[in-house]
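Build the full structure now, drawing on both the sequences and the hints.
The listed protein sequences correspond, in order, to chains A and B. Counted the way the UniProt record's numbering counts, the first sequence spans residues 1 to 399. Counted the way the UniProt record's numbering counts, the second sequence spans residues 1 to 656.
Careful: at least some of the hints might be erroneous.
Unchecked claim - Below, computed lysine-lysine pairings styled on PhoX-like, alpha-carbon distance capped at 20 angstroms:
| # | chain 1 | residue 1 | chain 2 | residue 2 |
| --- | --- | --- | --- | --- |
| 1 | B | Lys-299 | A | Lys-183 |
| 2 | B | Lys-528 | B | Lys-568 |
| 3 | B | Lys-636 | B | Lys-568 |
| 4 | B | Lys-488 | B | Lys-550 |
| 5 | A | Lys-114 | A | Lys-272 |
| 6 | A | Lys-308 | B | Lys-65 |
If you're looking for bench data, these hints aren't it; they were derived computationally from the structure. All figures in this text were calculated on a predicted structure; none of them were measured in a lab.
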Amino acid sequence: MKATVISVLVLTVLLIAWFWPVQKEAQSVIIVADLSSQLAERDRHLATDLPVWLNEAAAQAHQRLNILFLDSHQPAGKLVEQLETHLASGVHIVMGCGDSACVRTLIPALERHKAVLLYPASSEGLIDSDQVVHLGPVASQYLFPSISWIRHNLGRNIMFIGSESARSHMLARLISGQLNADKQLSLIDREFMRDSSEISSIIDKAKYYKSDVIVFDACEWIAVPGFISGLESSGASVFSLCIDQRPADESSLYYVSGYYDNRHNPENVRLKSLLGELNPVRINSHWMAQLWQQALDSDHLNSSRQWKEHLRSSNALIASGPAQIDQHLEGTWRPVYIIKKSSDRLTDGEVLMWMSDQPLRPVMFPGLEAPSDWLHFLTIYWRNAGGEWRSAITGSSSS
Amino acid sequence: MKPVFFSRLRQFEFQSMRARLLFWMTLLVMLPVVLLVVIGLGYAEEQLRHRVTTEMRHSAATLMKTLDGRVDVQIEDNRILSRSPYLQQAMKAFSAVFGSREIYSMEYQELEDRYRNYLAYYAEKQGLTDLLLVNLDGDVVFSASQSALYGRNLLHGDFIGSPLRKAFERALWHMDSVIEISPADTEQYATLAAPVVDRDILGVVIQMPSVSILGRLIEVESNDSDVLQSLYIASDDGTFQQIGQQLSTRSGSHLNRLLTSSYLGADISAEINDDEATWLVSLKPVPALNGVVMVRQNKSKALAAVRDLRISASIGSGVLMVVLLMVGRRVSGTLTRPLKELAVNFEKIGNGQRQVRVDEDRRDELGMLAREFNRMASSLRNTQAQLVQTEKMASIGQLAAGVAHEINNPMSVVTANIDTMRQYTDVYIVLIDLYDRYIRAVTDGNTEDAEQLAEKILQYQQQEDIQYVYDDMRSLVEESLTGLGRVKHIVGSLRVFSELDKAEEQAVDLNEVIQHVIADLPAEVRQKVVIEVDIRICEPICFKAEQMRKVFAALLDNAWRACDENGKVRIRAWSDEIQHLIEFQDNGAGIEEARVAHIFNPFFTTRPVGEGLGLGLSVAHSIVEAHGGHIRVQSKVGQGTRLRIALPRAKQREPV
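Have a look at this one:
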């Protein structure tokens with residue numbers, strides 16, 4: 001009897017020891033988002049939703065997770081310094097950035113430490129780095145179809161309004177290159193806003209030029225009440241290239257988007273019922289968490305090389321539609337939609353005007369110039385902007 | 001479901017304990033073994049399937065990357081060509097002369113002389129069937145192979161839905177080099193187009209790779225003959241067409257659903273069936289080709305190792321089962337043999353044998369049981385002897401009480417009669433004395449005395465009513481003789497009990513014995529009662545004939561006495577496997593239920609006094625029991641009585 005009890009106890013101890021979950025080494029992820037400027041609202045999904053999803057994924061895998069937050073709204077030098085500190089400690093996974101200016105700021109540090117940035121938002125492209133993986137659309141995917149669609153549907157005289165940023169300047173250059181080539185279109189004016197105080201003067205200029213179409217890329221201020229409707233009061237159709245954002249006020253804005261509320265997309269229906277409101281960055285943030293979880297499950301998080309290899313050619317049906325990361329990490333194959341904002345309740349506030357018939361190829365350096373030319377243009381801009389990729393003033397969140 | 005099954009299994013009555021032991025031992029051992037084998041096989045299959053699926057997924061991803069890379073090269077080549085200043089010049093020049101000049105005009109021929117060599121050379125080196133320059137209006141202004149496409153307008157209705165027109169329009173829409181796949185066109189299923197831009201958009205250059213180049217482009221042949229690879233291109237109608245095949249997938253089919261899911265972005269690993277086999281498939285979207293690659297492997301071949309493992313496990317389980325049955329049979333035999341021996345000995349005890357003993361060598365519980373059995377048998381022997389003695393004494397007491405009671409009545413009468421007769425004797429003595437004195441007085445001549453004595457005698461006779469005394473004495477003697485005769489009869493009947501074991505058994509014909517018993521009945525009885533005889537025992541029966549005759553006579557006597565006029569007695573006899581059965585049934589008055597239990601008691605009778613002693617059935621019962629049999633009674637008042645004698649057949653019967 002005694003021997004039996006001892007045997008059972010020993011067996012029990014052995015079984016418990018065998019099945020006791022082994023505590024794995026903690027994974028670390030850096031999340032970069034604007035936490036303090038007026039763009040914090042734009043990046044709120046990166047700051048709030050993404051950590052939750054990552055933690056859920058880690059909990060499912062019994063993995064400890066250490067999330068480090070970096071505020072992108074701080075001087076570039078300080079941001080890079082903080083990032084370098086974290087990267088030097090062995091962290092090689094970075095997620096976030098709400099715009100390409102943030103990405104461009106981080107690239108040198110990422111290159112030095114061979115860390116990989118998973119970037120969920122859209123950009124103008126023109127990024128020559130293997131360390132950045134775009135999940136959002138690049139200019140080749142949304143800009144040229146938009147210009148073609150504008151030419152066919154909205155008019156031929158175009159006014160461009162952007163912000164003082166590398167993105168807007170490069171998009172303007174791409175547009176002007178195409179418009180110059182296409183003699184049927186003409187670019188009447190290009191405006192680059194530095195801060196919100198210029199809004200009224202921009203509206204006045206729009207009224208003065210009376211263009212057919214205003215191509216809008218001053219995304220920092222798209223949510224400013226009255227801005228879009230003010231531009232529309234000039235009689236022009238406003239077409240927004242702010243692919244991740246919607247205007248706040250009532251308007252008849254046209255915009256190109258990486259997401260359309262497609263009721264025939266089961267993933268869109270599922271995610272919408274789970275999360276409620278969806279937008280491209282939120283959807284891509286959710287996909288980022290899924291990609292991270294898959295890599296965790298398949299043990300592909302041990303090095304940036306493994307992580308990149310995992311990302312290469314990863315595909316999924318996401319709420320935006322079919323998406324596949326390009327095997328050369330040029331971006332993500334994905335569909336693009338042109339939508340008109342509508343006040344008609346029957347259309348749920350938006351009407352689909354055009355969509356790509358298949359996932360579009362991401363081309364990091366599109367247009368007629370060579371990559372080195374684009375990098376040269378970017379360097380000139382950066383130098384002229386005093387070492388910033390965006391000189392527009394976004395202000396603090398309280399302002 | 002399961003509890004019911006096990007409940008029924010538990011309640012199932014096995015024919016032997018050995019079968020039960022063997023069944024449960026086999027079940028309890030084989031169940032975990034089978035479970036382990038099933039789980040192990042399932043796990044192995046899952047692991048193998050996982051490995052195969054992973055490899056196939058990897059193959060699909062590799063194939064997708066390869067195809068994507070090849071397409072990239074083609075697209076990039078076309079992009080570079082489209083940016084060539086030489087091509088831009090050619091485009092400008094051909095566009096300028098197109099429409100305004102004939103193809104055979106000097107201007108056109110000059111342009112051909114200037115550009116065609118280079119463009120035709122490029123087309124040949126690139127393996128193109130044609131290289132087209134198309135202006136912004138859609139006019140084909142140059143064809144390197146001088147094909148019929150020259151001069152055609154791609155925006156014309158003839159080209160609606162054609163890959164050429166699609167490629168032309170997409171190149172201008174996206175302002176980039178594009179590829180258009182059209183699997184339905186087996187001759188030209190890929191078309192490359194790129195916008196030609198100088199300062200202005202000049203037009204589109206279109207490359208049409210030859211089939212051989214296209215074949216290399218979308219080469220999906222696998223090095224592994226067991227792994228098949230194929231490329232499906234999405235069509236506008238939601239179906240897919242496999243490159244190199246004429247037929248599209250059927251809309252709504254399982255394969256089409258899988259391809260659609262993969263095309264929409266999901267990584268698919270699944271099973272599909274066709275006429276040949278069941279396939280494990282892995283699908284990966286190829287957006288560069290607007291299609292899906294599928295890697296498939298014959299499931300039975302891929303999981304052949306599991307099949308082999310399953311066969312081995314089945315054989316192993318079978319062998320284990322056989323070994324288990326053999327061992328179990330031996331073990332259960334060891335366990336049940338002593339029990340069987342015990343059962344046999346219990347049966348012997350039940351049959352009356354007392355000298356039984358089992359082997360008690362074992363040291364386990366069965367040995368303990370055997371020892372206890374032996375002790376019990378020994379104790380039983382002692383107890384039985386005491387019990388027999390006690391029963392004997394009780395029987396004797398009961399019999400003695402009956403005898404005393406039965407003899408006491410006639411003896412009381414006799415005693416009383418003798419007492420009366422003694423008084424009568426005194427009377428007669430006095431009378432004889434008077435007569436004696438009278439005779440002597442007469443003899444002496446003493447007349448006076450004689451007269452006085454005569455007077456006295458007469459007076460005395462009158463006084464004592466001598467006539468009554470005389471009559472009464474006769475009556476008393478008769479009564480006493482009757483009483484003594486009854487006592488004699490009782491004593492004679494009791495002798496039967498003492499002679500039960502004295503006679504020898506002999507084989508007799510039952511029918512003959514019964515017929516003799518019937519023949520001994522008085523003639524008036526045979527007239528009064530109908531006696532039916534149905535004897536179905538032909539072979540001689542071994543018993544003590546005289547005693548059994550008394551039994552039959554007693555039963556028949558009781559039967560006919562219970563009947564009134566038109567009574568009927570039926571005598572039946574038959575045998576079964578273990579006993580002879582002889583039945584006496586009458587349709588007489590029947591016996592009350594309370595009295596049935598007493599009919600075999602000595603001196604119990606329902607007949608009037610003097611008509612029966614009540615020893616017939618008691619004696620019959622004793623005789624039958626002495627033969628190892630028994631008598632059963634069934635009776636219902638007003639309907640009759642049935643007494644059934646059961647005698648064991650000779651081989652089962654212990655010697656009496």
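Query raised in the report: Out of the numbered hints, which ones does the structure contradict?
Result: 1, 5
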